[in-house]
Each structure stands twice: as C-alpha cells, then as structure tokens.
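Peer 1: As you go down the protein sequences, you meet chains A and B in turn.
Going by my numbering, the residue at position 204 of the first sequence is 409; the numbering climbs one at a time, nothing skipped.
Going by my numbering, the residue at position 139 of the second sequence is 344; the numbering climbs one at a time, nothing skipped.
Please note: incorrect hints may appear among the correct ones.
Pairs count within a copy or across copies, as identical chains cannot be separated in the list.
[What the hints assert, rightly or not] Below are the DSS-like pairs computed for lysine-lysine, each with C-alpha atoms no more than 25 Å apart in a straight line:
1) Lys303 x Lys437
2) Lys437 x Lys592
3) Lys349 x Lys210
4) Lys325 x Lys349
5) Lys303 x Lys218
6) Lys531 x Lys593
7) Lys325 x Lys210
8) Lys440 x Lys349
9) Lys303 x Lys217
10) Lys210 x Lys440
11) Lys217 x Lys369
12) Lys303 x Lys398
13) Lys406 x Lys218
14) Lys303 x Lys210
15) Lys531 x Lys398
16) Lys555 x Lys217
17) Lys437 x Lys257
18) Lys325 x Lys592
19) Lys504 x Lys303
20) Lys349 x Lys218
21) Lys369 x Lys349
Read the hints as simulated data drawn from the structure, not as lab findings.
Computed from a predicted model, the values in this text were never measured in an experiment.
2 protein chains.
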Amino acid sequence: MIAEKMYELGSKKSTIRTIFEYGQERAAAVGAENIFDFSLGNPNVPAPDFIKEAILDILNEEEPCAIHGYTIAPGNPQVREILAQSINARFSTTFTGKNLFMTAGAAAAITVVFKALSEKADEFIAFAPFFPEYECFVESTGAKLVVVPAQIEDFQINFAEFEKRINSHTKAVIVNSPNNPSGAVYSEATIQKLVAILEEKSAQYGQPIFLISDEPYREIAYDNIEVPYLTKYYKNTLVCYSYSKSFSLPGERIGYVVVPDELVDFNRMYAAIAGAGRVLTHVNAPSLFQKVVARCAGKPSDISTYVTNGTLLYNGLLEAGFHCVKPQGAFYLFPQSLEADDVAFCERAKKYDLLLVPGRDFGCPGHFRASYCINTDTIRRSLPLFKKLAAEYNK
Amino acid sequence: MIAEKMYELGSKKSTIRTIFEYGQERAAAVGAENIFDFSLGNPNVPAPDFIKEAILDILNEEEPCAIHGYTIAPGNPQVREILAQSINARFSTTFTGKNLFMTAGAAAAITVVFKALSEKADEFIAFAPFFPEYECFVESTGAKLVVVPAQIEDFQINFAEFEKRINSHTKAVIVNSPNNPSGAVYSEATIQKLVAILEEKSAQYGQPIFLISDEPYREIAYDNIEVPYLTKYYKNTLVCYSYSKSFSLPGERIGYVVVPDELVDFNRMYAAIAGAGRVLTHVNAPSLFQKVVARCAGKPSDISTYVTNGTLLYNGLLEAGFHCVKPQGAFYLFPQSLEADDVAFCERAKKYDLLLVPGRDFGCPGHFRASYCINTDTIRRSLPLFKKLAAEYNK
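Excised from the complex, chain A in its bound form (with noise of 0.2 Å):
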C-alpha cells in the first residue's frame, strides 16, 4: 500500500536520534545539567556576525522579489560566480560559476551526485569511519554501496582492503575529509596514493572512476593542517560543500556541488547533475541564503571553541585511559572503546550519564563516536566520570 523501503527507512530510528530521545528523557528525570550529551553533531558555536549582517544589508538594500524570488535551477548566476572566485582565491583553481550548481547542503549535492552517476551493477566505495546515510543515499538509486574498512592506527586509507574491493562495476569513491567521525584529514600522501590508484584503475576498466569528495567540514581543521583541494589531484573528481558547519548554519541547507571543467565530458556531467536536481526537485537552493553565503564568501570560521573544546576531551580521555587518534579536524573523537563490543560499552557509560554513540554505526566496531561541539563546561565535569568509567574496566 505504501513502499515498504520508505516505511523501514522512516520508522527505524537512527541509533543517534534514539540516543538524544533517551537524553531528553533523563534530562527531565535528573535535570539537563547531569546529562552528557556527545551524540549530536549539531554546531554549538553560533553563526558568526557577518551572517546576521549580511541578511539585514540583503534586506535592506535588495527587492523582495530579487531576494525570494526563483533563481535558475543550479543557483544564482552572480551568487556561483563569487563562491568560485572565492575557492580560486584559496586554491589556485580556475572554477568559474558554470562549475558550480547550488545545493541545499552538502547531504543534497551528495545525493544529487550519486543520482547522476548511478547506473545499474555500480558499485560506490567508502572508508570506514563513515558517514552512515551514504548507505541509504547509493541504495535509493539502486546501486551498492561498498565499505573499505577502518585503518585504525591513523584513519588514513586502507590501501591492501581498497584495492581488493576496486573492480569494473566501482562507479565512484567517496571520500570525507576531515572526517566525520574520526576527524582525520587524509594526508596528501593518501590522496597522491589513492589517486594514482583511481588513475591505474580507470584505465585498466577503460572508464572513469569518480571521486567524490564529501567536505563540509573543510573549514574545521587544526594547527593549519593542510586540507588538499582534491581536483588539483585527480581531474574526475566532485567536490560537495556545505556552510552547515563552517558558518554554523546547518538549518539553512545551502551548499554547493563543483564540477571541474576537466572531468571527462563535462557538459554531460553537468547536465546530468542538473537532471538529477531536477528529479529529486533539489534545484533552486534557498535564496536568500545563496545571496548571504555569496556576502560571506572567504571570511573565516570560527574554530576556536571546537579548538579548545576538543584539547579538553583528548586529553581528558587520554589520562582516563583511552585510546584515540588526535583529531585533525571536524569536531569528533573516535576513540576505541574499552570493550570488544562498542555498544555494550555505549550502553555502560548510559550510567554514568554519558551519551555516546558506537563506532559501528559508522563502519567501525570497537570505538564511541563523541561530538565536542557541546557546552565546554559540560566537557570539563564529564571528565571524572570518564574516569570512572575506565576504572570499571581496570577492576
């Protein structure tokens, strides 16, 4: 009567919604403040100034009709121009606004692409630690998503897995750099190595094989740590933005799909990108808020909150005992939990009021997933509590 596959993707709660629904329900028991709450990844840092000035200088000085108004399917033409000026600027690209087609957010360039690109028997990789609804975006085409699992010593790739897993039907890679949830940054070693793979392959098949590169929180990476701009690697690549984080604006769906004028046949990718707005009526991104992101284009993010929130949890947890590869960026810890079954653990630190989410909801068992962009003092008390945690294992 209805599509069976809606229903279970609609009714089966994400571990990390089920997680905050059970926050919430201690908050009203034992009061907000005695809950630790790392599940979410939702930024606390506020929009910065420029974002509030921004919008009243459209109002005020813009029609109404100009700033509500429809823009063409991929976006504002002056708005796409600016945002590839600005990426010019800081990677010595050479993107015009015709590369760029708007997008509400990184999640819908991301599905938008996959749309484009999926044909019948494709495969699409990613690596673990992973963006869980990659899962249900590639499938929802039709297509299979397939999983390199984690090298855990670094979060970097793990080559021997990837390359048993590359074959004829590997449509696309998919890449998410700093990472959500280990908040690694592929090197530029990874990327040279991952590239000459993709480079070897394609040939080998006779066709291209895309990289997609997943980067919403490109702005969010520390001890300026370079974040290699991956079409200046490898000319089929995508590249899906979002300011949700960057500009703390995760609400406002505006982000943006580049597509390089090297990739083999741009025009029809180009056109099947647009298609595929089309289709899944992701065309016209909000308005007003191609206009505000075109007003901030190149002001920075403010990471200093996620900066120091992050030292605080690391070290933190390293003095409890934990094991955890230091974050590069984004605003995650994916430490290894301290039993085998990371959620038998997940569900241990529920006692102490702790709110974590297991790492095999991302593609690897064995860690927690916790989110730093929380209140620093709700950082700062949790601490004794990991403490003891970990003393309950070293009984």
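Since chain A is already given, all that's left is putting chain B on it; use the hints.
Peer 2: Leaving out everything else, chain B in the frame of chain A:
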C-alpha cells in the same frame, strides 16, 4: 558512464526555459520594454512587509543557534503546531503538529509523497492540463503517470475519461486546484464526484486509492470562491502546500505535507513520508523560513495585483476574439490557440514578441498558457498586439 536518464532530464531544456532564453535574447536586441513575456510563473508581487518584519524580529529576538540550527527531520515541532492550528482555524480541521512534515516547497512535498507511496507497477493519475514536472517526479520512483484528457469546457474533471483509466494499479490521483495552467478551481460538486469514485474503486480493489492535493495556489482564488479543503471530503488525502505563491517566497523553498490522522494507517504513512524525505534529503526544511512562516501564519495573501492583471488580460483577450475559460484562481490564463496546432500558434505570436507557452506542455494541445504575474503596464501594452495576432487569423 553517467546516468543516461539524468543526462536527458538535465539536457533537454524545458519549453518554458527555451522561451525565457529566447526572450532574453530578443530583449537584448530590441529592448526589454518591447518583449511581452507571459511564460514564467514567478510571482511579481513582492513578499509582504510582514515577512521582512518577521525575519528582523527573529534575528533580533532569538539565538543564532536556534535560528540556523538543525531542526528534527520533519521540522520544528512548535512551527508545525502553529501551522496546524492555523489550518484548523481556517478549515475546521483538527490537525496537530504531528500531522505536518515540513518540506522545501510543494515540489519537494509532492516528490516525497510520490516516493513514499510508489511500489512496483503503480500508476498515478493526473488531470490535464497539469504541471508537466509530475511526469519525471513519478517516473523517477519507478511508477507511471497516467493522464486524463482535459474537459476543455470548464477545466473541471472529465469523469468519463477518468473512469476509463482508473484500475487496480492506481495508487493515487493528484489534483491541483486552483490549477496551473487553467486557473480553474474544482467545485465542491467536482470534488464530491471524484471522492465517490475513489471510495467506490478503493472498495472494489480492496486497497485505498490516495488523493494528493497539490495546492500552492490555494490562497490565490478570486471572488471569494471556496477552495474545498480535501481532507474533509476524503480521508486518504495528502495535502502538499507551499508558501511560494501565497507569500511570494518561491526561492525560499518552504512548504509542508499534511498527513491526516484519518488516513488508513497514519503511523506507517507518516513513517514512509519520513523515509522518503530521508533518501531524497528533504529533511529539516530551511530553518529560518520555518520560523518566518510560523510567525506569519494566517496572514493574508495580497492578490490585488493578480485580480487587476487577470481581469485586464482576460477582457483584452476576449475583445481580441480569443476563447478562454475565466480563471477562478492562480495567475494564468489558458485560452484556446487560434489554430489547432498550439506550437505553431505560439511561434506565430513571437512575431509580435508575445511569448506564450503551448498547451501541449501541460497535456492539453490547442491551448496556450499566458502567465499574468507580470507588470500590469506590460499587459496593457500587449493587448493591441494580441489583436493584431488575432487579426491574422481572420483574414
């Protein structure tokens, strides 16, 4: 290498887009004031002042994290409750927030509903003239769109043709009243007859046939004509609404689906809507504008310009000798073309720089669409040209 179907959908320019681009070229050649572009459905009435005031109030009164942060997938619970109460106040319904799922406008709402309902071999029925994008939205779910020919006398429903097309594969029927492109509003008698057939056929086939009401033009109805609220007539109705036209916010992508309690198996249906929203990444509709429309709930749409324009164009075309069903809503006229071949007619109209859309684009040849959400003076200056065009056919 890419999805051929997406390439086709993205590369084939729509008729309206082709006309629009032609108009831009002509404007460059002969001056914009000499082009009479009746092709686009972009509201020319600016968003009312209360929209700007609501944005400013929200920016001044609320925290940035609350304004621009993620809402839950179906949308802000307070917003949904306010909108539900607003619908109840107008239509004596009994919805609560849990009956609403916020979407990025009506197009997203329809797409989500099609995806939530569609199973293998399903058929969806639309009544000509209809919004042409229904076809690719339905087909992308794997289902088929079945079109009932127009009843050109009044653009109500051609029931004889409808009954020929309804069968055990019919999953749902979609109606759009006030109608794009005809301007017709389905009368209560039409709705009652439609519902009687749906009830009978649902019983006959032992499964519900759903009714989808696509109603972005609900507020744009003339002479106080009543636009029946369909959930009150048929329990298995899903309403798809948008603020694009009522508040002149087409670029902001804000609307909702109403899922009534009375629907057969409400819980499964709402979950399927949520699942469809998830795979199509139509969750968390733009957050600022969720708050804006909640603040403006129940405020009136300013349709005075459309009344003026519609009257002017309708009378002018009648005087020129056209035959046209008088519109009762929306902002389009859908007159008969002066030769059977509506494409040839629209080509001929270009001689006078009158840019019109052939009726066959809406499943109704022998007609053309003239959108009157344009400058009133442009309409006034176009009338002598329509006369000249008509005179060509009277030679």
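Peer 1: State for each hint whether it applies.
Peer 2: Results for each hint:
Taking the shortest Cα distances, Lys303 and Lys437 sit within 25 Å of each other inside one copy (18 Å), while across copies they are farther apart (47 Å). Taking identical chains as interchangeable, the C-alpha atoms of Lys437 and Lys592 are never at most 25 Å apart, the minima being 45 Å within one chain and 59 Å between chains. Taking CA atoms no more than 25 Å apart as the test, Lys349 paired with Lys210 passes in both settings, with 15 Å inside one copy and 19 Å between copies. Both within a single protomer and between protomers do Lys325 and Lys349 lie at most 25 Å apart by alpha-carbon distance, with minima of 10 Å and 20 Å respectively.
Taking identical chains as interchangeable, the C-alpha atoms of Lys303 and Lys218 lie at most 25 Å apart only when they sit on different chains, with a minimum of 16 Å there against 39 Å within one chain. Taking the shortest Cα distances, Lys531 and Lys593 sit within 25 Å of each other inside one copy (22 Å), while across copies they are farther apart (76 Å). In the homo-oligomer, the alpha carbons of Lys325 and Lys210 lie at most 25 Å apart both inside one protomer (19 Å) and across protomers (12 Å), since each shortest distance falls under that limit. In the homo-oligomer, the alpha carbons of Lys440 and Lys349 lie at most 25 Å apart inside one protomer (24 Å), although the nearest pairing across protomers, at 38 Å, exceeds that limit.
Only between protomers do Lys303 and Lys217 lie at most 25 Å apart by alpha-carbon distance; the minimum there is 17 Å, versus 40 Å within a single protomer. Taking the shortest alpha-carbon separations for Lys210 and Lys440, only the inter-copy value of 24 Å comes in at or below 25 Å, while the best intra-copy value is 36 Å. In this assembly of identical chains, Lys217 and Lys369 lie within 25 Å of each other by CA distance neither inside one copy nor across copies; the values are 32 Å within and 39 Å between. Within a single copy, Lys303 and Lys398 get their C-alpha atoms no closer than 30 Å, and across copies no closer than 50 Å, so neither meets the 25 Å cut-off.
Taking the shortest Cα distances, Lys406 and Lys218 never come within 25 Å of each other, neither inside one copy (38 Å) nor across copies (35 Å). With identical chains, the CA atoms of Lys303 and Lys210 are at most 25 Å apart between copies only, with a shortest distance of 22 Å across copies and 36 Å within one. For the homomeric pair Lys531 and Lys398, the shortest alpha-carbon distance inside one copy (22 Å) is at most 25 Å, but the shortest distance between copies (67 Å) is not. Within a single copy, Lys555 and Lys217 get their C-alpha atoms as close as 21 Å, which meets the 25 Å cut-off; across copies the closest is 55 Å, which misses it.
Proximity of Lys437 and Lys257 under a CA criterion of 25 Å is satisfied in neither setting, with 34 Å inside one chain copy and 42 Å between copies. For the identical chains of this complex, Lys325 and Lys592 are neighbours neither inside a copy (51 Å) nor across copies (54 Å), given an alpha-carbon limit of 25 Å. When the C-alpha separation of Lys504 and Lys303 is checked against a cutoff of 25 Å, the pair qualifies only within one copy, where the shortest distance is 22 Å, while the shortest distance between copies is 39 Å. In this assembly of identical chains, the alpha carbons of Lys349 and Lys218 lie at most 25 Å apart only when taken from the same copy (22 Å versus 31 Å across copies).
In this homomeric assembly, Lys369 and Lys349 come within 25 Å of each other (Cα to Cα) only inside a single copy, at 16 Å, whereas the closest approach across copies is 40 Å.
Hints 2, 11, 12, 13, 17 and 18 from the earlier list are contradicted by this structure; the remaining hints agree with it.
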